[in-house]
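For the working numbering, count along the sequence shown from 1 and bump the result up by 3.
Read the hints as simulated data drawn from the structure, not as lab findings.
Keep in mind it's a predicted model, so treat the numbers as computed, not measured.
Fair warning: there could be bad hints in the mix.
[Unchecked claim] Derived pair list, reagent style DMTMM-like, types lysine to aspartate or glutamate, alpha-carbon separation capped at 20 angstroms:
1. LYS192 - ASP132
2. LYS192 - ASP252
3. LYS129 - ASP252
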Amino acid sequence: MTQAQPAAATNPLSRLARRAPISVFLIGTFVWAWALWGYWIPTMPPTGLVITPAFILCAIVGGFAPSLAAFATAWLIGGGASAGHLLHGITHWRAAPYQYVLALGIVPAATILTTVLLPVFVGPLKPADPSIMAMAAIWPAMAALGEEFGWRGFMFPHLLRRYGPMGAAILVGLVWGLWHLPADYIGLKGFGSLFWLAFLVNGPLVLTAHALIMAWLWRRSGSNLVMMILYHWTITASSMLAPTAGGQDALGLASSALGAAVFWVIAIGLWLSEVKRR
4 MTQAQPAAAT NPLSRLARRA PISVFLIGTF VWAWALWGYW IPTMPPTGLV
54 ITPAFILCAI VGGFAPSLAA FATAWLIGGG ASAGHLLHGI THWRAAPYQY
104 VLALGIVPAA TILTTVLLPV FVGPLKPADP SIMAMAAIWP AMAALGEEFG
154 WRGFMFPHLL RRYGPMGAAI LVGLVWGLWH LPADYIGLKG FGSLFWLAFL
204 VNGPLVLTAH ALIMAWLWRR SGSNLVMMIL YHWTITASSM LAPTAGGQDA
254 LGLASSALGA AVFWVIAIGL WLSEVKRR
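Construct all of the structure, not just a fragment, from the sequences and the given hints.
Encoded structure:
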């Protein structure tokens, strides 16, 4: 028996974390992020939220909730050794070159394809907002590091044992999308009566497709967390920099739906190829 185990045995939180690790992780993830993000929702003027240093700080700290909750839950379960094992996942940089190509290339390639299809099926392209270019230099890395120790480092492996790779990926994708609700409300409020459709398309729908793609990559890379972090980085970077069609209106919703459809085609294609390989 290790030194961490006796302490855990006498700690009610540790016992709870051992019995229900996913529940403890999700409670920490949602409460932490939604408290920080939700604070700003009632203060939003009709014209939209004014971006202030205080808001940016809350957005960043709230965005780290999945990783922080994962480390806290791992610590409750097995002390420093368990949390250290989770952190050690970021040191696995040795991977086949094609795995890096997949992790860094799938999302940009899909985004380019969507950009080509948008003028054909939706409408004229609208470039990304230049004011976010500076933020795009740092935000994708913070989003990837702030979330992936939680979603793919902690939650996915725990669900994998019970639901298998596809079931675990779908569950992670749905939770991942729901977790973004307060942030998406702030960002998508301009859709008005179309908000819930916009949230479903930009949240659970597309993120479940991403979760399936990432689960496929997870298996192909030997459970490499670094590949997950890099893939997540491309999601955020592409979403900030890619042109769209329309604004926060029906055209904008159609633009997002087309992008989500492209990722679903990729996800289904990858998993069908996995079935054929067996």
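TODO: Measure nothing beyond the straight line between the CA atoms of LYS192 and ASP252; if it is 20 angstroms or shorter, mark the hint as holding.
DONE: 11 angstroms, holds
TODO: Starting from LYS192, check that the Cα of ASP132 is at most 20 angstroms away, please.
DONE: 17 angstroms, holds
Task: Pair hint LYS129 and ASP252, alpha-carbon separation not exceeding 20 angstroms - done: 13 angstroms, holds
When the structure is compared with the earlier hints, no violation turns up for any of them.
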